[in-house]
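> Here the protein sequences line up with chains A and B, keeping their order.
This note's numbering puts the first residue of the first sequence at 1, with every later residue one more than the last.
This note's numbering puts the first residue of the second sequence at 1, with every later residue one more than the last.
Hints in this document: simulated from the structure, not taken from any laboratory.
One should not assume that every hint holds.
[Stated by the list, open to error] Here are the simulated lysine to any residue pairs, SDA-like style, with alpha carbons at most 20 Å apart:
| # | chain 1 | residue 1 | chain 2 | residue 2 |
| --- | --- | --- | --- | --- |
| 1 | B | Lys43 | A | Asp120 |
| 2 | B | Lys77 | B | Tyr96 |
| 3 | A | Lys265 | A | Pro235 |
| 4 | A | Lys21 | B | Asp88 |
| 5 | B | Lys43 | A | Lys49 |
| 6 | A | Lys143 | B | Tyr96 |
| 7 | A | Lys49 | B | Ala99 |
| 8 | A | Lys49 | B | Tyr96 |
| 9 | A | Lys143 | B | Gly114 |
| 10 | A | Lys180 | B | Ala60 |
| 11 | A | Lys50 | B | Lys43 |
| 12 | A | Lys143 | B | Lys77 |
| 13 | A | Lys49 | B | Asp90 |
| 14 | A | Lys192 | A | Leu293 |
| 15 | A | Lys163 | A | Ser54 |
| 16 | A | Lys50 | B | Asp88 |
| 17 | A | Lys319 | B | Thr45 |
| 18 | A | Lys35 | B | Ala60 |
| 19 | A | Lys143 | B | Pro107 |
| 20 | A | Lys143 | B | Ala60 |
Since we're looking at a predicted model, the values are computed, not measured.
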Amino acid sequence: MSTIFPIGPFHLALKEAALLKLEVEGERIVGGDIKLGYMHRGIEELATKKSYHSNIFLAERVCGICNTAHSTCYAQTVEALMGIDPPARAGYIRTIVFEAERLQSHLLWFGVGMHEIGYDTAYMYMWMEREHALDMLEAICGKRVNLGINTLGGVRRDITPDKMSFIRTKLDLLERAVRKTGKLIGEDRVVKARVKDVGVLTRDEAKRLCVVGPTARGSGVNIDTRRDDPYAAYPNVEFDVPVEEGGDVLSRTLVRLRELSQSIKIIRQALNDMPGGPIALEELPFPRVGEALGRVEAHRGELVYYIRSDGTNSPERVKIRTPSVVNNNSLIPMMLGETIADAPIILASIDPCFSCTDRVTIVDVRKNKEKTMTLSDLRRGRPA
Amino acid sequence: MFARKKSPWVMHLPCGGCNGCDIEVVAALTPRYDVERFGVLQKGTPRHADVLLVTGVVTAQVKERLKRTYEMTPNPKFVVAFGSCAIDGDIFRDGYGYAGPLDEVLPVDTYIPGCPPRPEALIDGLNKLLQKVR
Numbered sequence: 001m002s003t004i005f006p007i008g009p010f011h012l013a014l015k016e017a018a019l020l021k022l023e024v025e026g027e028r029i030v031g032g033d034i035k036l037g038y039m040h041r042g043i044e045e046l047a048t049k050k051s052y053h054s055n056i057f058l059a060e061r062v063c064g065i066c067n068t069a070h071s072t073c074y075a076q077t078v079e080a081l082m083g084i085d086p087p088a089r090a091g092y093i094r095t096i097v098f099e100a101e102r103l104q105s106h107l108l109w110f111g112v113g114m115h116e117i118g119y120d121t122a123y124m125y126m127w128m129e130r131e132h133a134l135d136m137l138e139a140i141c142g143k144r145v146n147l148g149i150n151t152l153g154g155v156r157r158d159i160t161p162d163k164m165s166f167i168r169t170k171l172d173l174l175e176r177a178v179r180k181t182g183k184l185i186g187e188d189r190v191v192k193a194r195v196k197d198v199g200v201l202t203r204d205e206a207k208r209l210c211v212v213g214p215t216a217r218g219s220g221v222n223i224d225t226r227r228d229d230p231y232a233a234y235p236n237v238e239f240d241v242p243v244e245e246g247g248d249v250l251s252r253t254l255v256r257l258r259e260l261s262q263s264i265k266i267i268r269q270a271l272n273d274m275p276g277g278p279i280a281l282e283e284l285p286f287p288r289v290g291e292a293l294g295r296v297e298a299h300r301g302e303l304v305y306y307i308r309s310d311g312t313n314s315p316e317r318v319k320i321r322t323p324s325v326v327n328n329n330s331l332i333p334m335m336l337g338e339t340i341a342d343a344p345i346i347l348a349s350i351d352p353c354f355s356c357t358d359r360v361t362i363v364d365v366r367k368n369k370e371k372t373m374t375l376s377d378l379r380r381g382r383p384a
Numbered sequence: 001m002f003a004r005k006k007s008p009w010v011m012h013l014p015c016g017g018c019n020g021c022d023i024e025v026v027a028a029l030t031p032r033y034d035v036e037r038f039g040v041l042q043k044g045t046p047r048h049a050d051v052l053l054v055t056g057v058v059t060a061q062v063k064e065r066l067k068r069t070y071e072m073t074p075n076p077k078f079v080v081a082f083g084s085c086a087i088d089g090d091i092f093r094d095g096y097g098y099a100g101p102l103d104e105v106l107p108v109d110t111y112i113p114g115c116p117p118r119p120e121a122l123i124d125g126l127n128k129l130l131q132k133v134r
């Protein structure tokens, strides 16, 4: 006899509203289902009502944590429709902001991950270090979140020499933070015990579910859009793509940890090699009738934008495939056979972003067999 | 009442936002801004909370749940609308998922505008709320 154990929609373990139904036998998870859609805002439809230019800001607000990933991907797709290339300096600035944002996103993840396994001291330390990355973004873009750096055909703000030296000092501080994090993951036996061999996603399963980003790289699938299909200034910088074979939560953690050092390395190179010249094109052509596909490696994995243009001022169709959409499917296979206590860290280990996901229709093919607590039960009952 | 004035416990209710506000709320709770030094504690259940901190647009899906959560919170209770989305829908106002501003669903005591507001704005907003309580 199994029972359904609901988590959410408002729950401390979740940063966003989502309902997770876990089917449990005793402590073991034997099945489960995710109900999403609480954050559905209808962005794809909204994008067809707005002009190409105002959609940059809409794209940023798909997800506040990876906002530059969204706006870069959107801008690149529209630039492909317009048949233009932004100036080289703009590409470098995009790369720097992109990687600085990856730094803050991954440090945020480490904080949340530590919080999920009950290590709140580390959570506070991580978020303290994350502020250095935010200082960096604020110096470049004038804002902490939803940066508004990208525009069609370039970027809106330049990186001046005094900003460069500020970024370099902050990078040194972040490098120290990354070393500290590595020590924490590598040496703390309690942390290791909580994440090792927990939530395993095998390589075959990862390929079957088409997972992307650190979730795929943690399972030994060597994919990274920055290397496979380089954009902005990525063809000109050197970096490694960290891959781990374990497939458990620890592997995904280590992938993110090594990506932090790679991001610092990329920003340093980009700062050194940044060419001069304009940061944006003065004149923009009209988007041609047709379609374009753009992809970038966001912090959670590959992000895809598809835009169809009918020659008017606003797109005819915008389709956004965010990394969390595919990664969420891997949650239930990861959780099967684990205990309830491990569910939050497994959930957190793919760094799910429901505000990204809720714009697509998730077709629920699974039938709940045994006793199911309905939503009204949940509302009447205790918050899990 | 003294404890409420000196140590309000907040519950963070993320609705249909972009996460931008949510991470700024968490940033306010962590060492750089640290609202905990003013006695503000984050709570995981509405039954323990004095202040509901609502971020993001009120979507059609989340509207009923929001009302329900408000009813579960013991009196006296206060609602803070954090971010432009909760106040008037901001960029998502024309979308079909938008179900009206927050103050049509819950009685809002303090508005904190911005997209997203900085953590300092949250501290200021909570301060103004507590002044009002006095």
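> Starting from the hint list further up, note which numbers the structure goes against and sort them upward.
Per hint list: 2, 4, 5, 6, 10, 11, 12, 14, 15, 17, 19 and 20 violated.
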